[in-house]
Amino acid sequence: MIAHLIAERCTNCAACVAACPALVFDPGEAQPVIARADACQTCYLCELACSEDALYVAPESDSHAAPPVAQLLAAGLIGRIRADSGWNDPLDGGQLDDYRLLGPLLGAGVDIATQRYVARHARD
Amino acid sequence: MSVTKTDVLVIGGGMAAAWAAIAAAEAGARVVVVDKGVMGTSGVTATGGPGHWWVDPAERRNAIARQTAKAEGLGDPAWMERILDLTWRHLPTIAPFYPFGSDGRGGMYINGVRGPEYMRALRAFATARGAEIRDHHPALELIADRDGRVVGARGQTLRDGQPWEVRSGAVVLATGGAAFRSGLIGSHDCTGEGHLMAVEAGANVSGMEFSISYSLSPAWASTRTLPFTGARFYDADGREIDISPPRTGHVHYQDLGRAMLAGTVYADLIDAPRELPPILRRIQPLTVAAFERRGIDLFRDRFPVRLFGEGTVRGSGGIDLVDDTCGTGVPGLYAAGDAATRELVAGASSGGGAVNSAWALSSGRIAGAAAAAQARRDRAYDGSSRALGRAGLRPDGAERDINTAALIRRAGEAVHDYDKAFWRRESTLAASARVLDDDWRLIAAHGHATGRARLELRAAAAVVATARWVIASARERRETRGMHYRDDAQTADPAQAHRLLSGGSDDVWVRPAAPAKGEVAA
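Chains A and B, in that order, give the protein sequences.
Residue numbering for the first sequence follows our numbering, starting at 1 and increasing by one per position.
Residue numbering for the second sequence follows our numbering, starting at 1 and increasing by one per position.
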C-alpha cells in the first residue's frame, strides 16, 4: 500500500495521478495528495511512472506501515523498481534482454520439484 | 449528461481492449475507449508478463493437434488456427512502442512481453492510431434501441461521479475475466460487469465452470510466480509437507489446499534454479520488491504462502460468442479477451498464459474490425434509447442500505474457498447457490446507491451474478473435465463433451450448447 510521497523530490508532474487505476492520488497545489490510500492495490505502477523517484509503496497489500524515508533511501529501496525495470534507460537499453529466460527458468523450477518428488518417493 | 457520438465504443483497458481499439481504428472507425481504471496500468496484464501462444507457421498443424487434445473435446481447431495466425502477424507490430529484448541468438524475443511495458506500448499504439482513451470512466450499463440493438453505454466518472453516455454504431466488451476480488495482483477491477451487461442485453455466458485456477504467492501480497515453481513447503512446526509437484496440476493444488486448510503453510526457494537469483530482478522487478521491502531474503528465508484465486481470468469461461466475428448474438455487441469464453481455443483446460494472451490479441482484433465494419452500416444512433442495467441501479422494491463488502466476500468464498473449489460436490455447490440467490435478490430488490458507492454496488451485483453462473454451471457438469473437478464424479463422461451455456438474472439457467458450429472462416 502506498506509504510515502516525498515532497522534496516531487515536481508535481502528476504522472502518478494519471497512472493510478484506483485514483489513489488527487491533484494538489504543491504536489499530489494521497487521498485514498485504502484503494491502493499495491501494484507498484505509480513508482514506475514517477521519474523523480518520489514514491514508495509498502509491500503488504493491507498496510501502509513503512520505515522512514531516510532509512529507505539509505537502503537503496527508493526508486529501485524503476531502476530494475530499466525505465531510467533509453528504450533500446537492453532492459528486456534477460526476459526470454522467464519461461525456461519457470520450467526449470517445475523440473526440480518433479525430480525432488520422484527421488523422495523412490526412497519410501 | 455528457453525450459523445462515435463509431466504436470499447469498454475495458487491458490488452484485448487495446487491440480492439487498434484494429477498429485501422479499419477507419472513430474509436472511444472507456476504462474503469487506466489503460496501461489496469488489469492483470499490466502487472504481469504475458507469453503468447507463438508457433512458427510450419509447426502450426502439430501445435493445433496438441491443443485440441488438451481442450478435452471442447476446442475448435479452426479458431486455434485463426489466433495463431493473427498473433504471429500482429504481435511484432508493437515494435515501435515496445523495447523487445534479445532472443540470445542475434534476433528479437517476441512472444513473451513484460506487462508494464506491454500495456504502455499498447496505449501508445492505440493513441497513435487515433483512438480516444478515457481513463477513470467506469461503464455501468449498456443502452439499446427499441429493437434491442446495443447503441452505446452509460457510466459515471470515477473522480467526481459525473454521468456520461457514449453512443456508437457498435460496442466491444473487453472488460476482463472475473476474479471475485481474490486479491490476485491486478484483478481488483475484474469484477464481471461486462458479463452482467452482456446478459442484461440478451447474451449468454459459456463455460463458467472452468474457473478453478490459482497462483501461489507470499501470504501478504499476490505477485507473479516465476520464483515459486521449485518451492519446498513446510507446516507451522517446520516439518516439510509432501506436495505433489506442479506438473500434477489439480492434485498439486489439492495438496496445497489441504495443507492450507490445516494451517499456515510456509515455503522456501532454496532449490530454485541457480541461474535465477542473480537475474530475477531484471525479469520480474515487482516480485523482488514484495520480499526485499519486508527484509526477507527470497532465496534463503522461509515465508508464509497462500493461493490466490484466478477465477475466469486464467479459467476459460466467459461471454458466449455465436459467430466468427466475436459477436455475442446481440446486434451491435461484441466481446473479446478474458471477458469472452476461451473454450474455443482452450476448451476445458486453463488458457492461462500463452493461449489466453494470443486469444486476447486475436479476439480483440477480430471484434474491433467487425465492430468497425458494423459501424459503417449503423451510424451512432440518434433515436430514443433505453438503459438496460437493473441490479444495483434500478431496484424493484424499496431502497435499502446494502453491505457490498459482505456480498462480494461471500461470492468469492463460494467460488474460491479451497474446500469448495478443489473438491466440488453437489451438496456444497447447492449450499453456495442458496447463499448467492439470496444475495442476488437483495441487490435486485433493494440495491441503490449514489456517488462512488454506486460503482461498488454495481460491481457487487456483477460479482454475485458471475458467481451464480459459475456455481450453476459447476452443478450441471456432473463429471470431471479439464480444470473442473467433481469430487462426486471424478472421471470424464463422454456424454457431457459439450459446452454449457448459462445466463439469466433472477432465474439462472444452464443448458448444453448446440453441437460444434463447424468451420469458421480463417
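Quick caveat, the hints were computed from the structure, so don't treat them as lab data.
Glycine included, C-beta positions come from ideal geometry on N, C-alpha and C.
Treat the hints with care, as some may be off.
Stated by the list, open to error - A few chain B residues that don't get close to chain A, going by computed Cβ distances all over 12 Å:
1) 103
2) 163
3) 271
Unchecked claim - DEER-style ranges, computed between Cβ atoms:
4) 124/A with 304/B: 20 to 30 Å
5) 39/A with 423/B: 47 to 57 Å
6) 427/B with 7/A: 13 to 23 Å
Said to hold, decoys possible - Pulled from the structure, derived: some chain B residues nowhere near chain A, Cβ distances all over 10 Å:
7) 112
8) 117
9) 127
10) 189
11) 292
12) 294
13) 386
14) 434
15) 505
16) 511
17) 512
Taking C-beta pairs only, is residue 163/B more than 12 Å away from all of chain A? 17 Å, holds
Assertion that residue 434/B lies outside the chain A interface [Cβ separation over 10 Å]: 30 Å, holds
Taking 13 to 23 Å as the stated bounds, is the beta-carbon spacing between residue 427/B and residue 7/A within them? 58 Å, violated
Honestly, do residue 124/A and residue 304/B meet the 20 to 30 Å range at C-beta? 28 Å, holds
Would the least Cβ to Cβ distance between residue 127/B and chain A come out above 10 Å? 13 Å, holds
Would you say residue 294/B is clear of chain A, with no C-beta pair closer than or equal to 10 Å? 5 Å, violated
Against chain A, does residue 292/B hold up as non-interface, every C-beta pair farther apart than 10 Å? 7 Å, violated
Against chain A, does residue 505/B hold up as non-interface, every C-beta pair farther apart than 10 Å? It holds; residue 505/B is separated from chain A by about 28 Å at its closest Cβ, greater than 10 Å.
Is it correct that the beta-carbon of residue 103/B has no partner in chain A closer than or equal to 12 Å? 6 Å, violated
Taking the shortest Cβ-to-Cβ distance between residue 386/B and chain A, state whether it exceeds 10 Å. 30 Å, holds
The output says residue 112/B does not contact chain A. Does that hold with a beta carbon cutoff of 10 Å? With a cut-off of 10 Å, residue 112/B comes too close to chain A, as the shortest Cβ separation is near 6 Å.
Starting from the hint 47 to 57 Å, judge whether the C-beta atoms of residue 39/A and residue 423/B obey it. 35 Å, violated
Violated hints, in rising order: 1, 3, 5, 6, 7, 8, 10, 11 and 12; the structure is consistent with all others.
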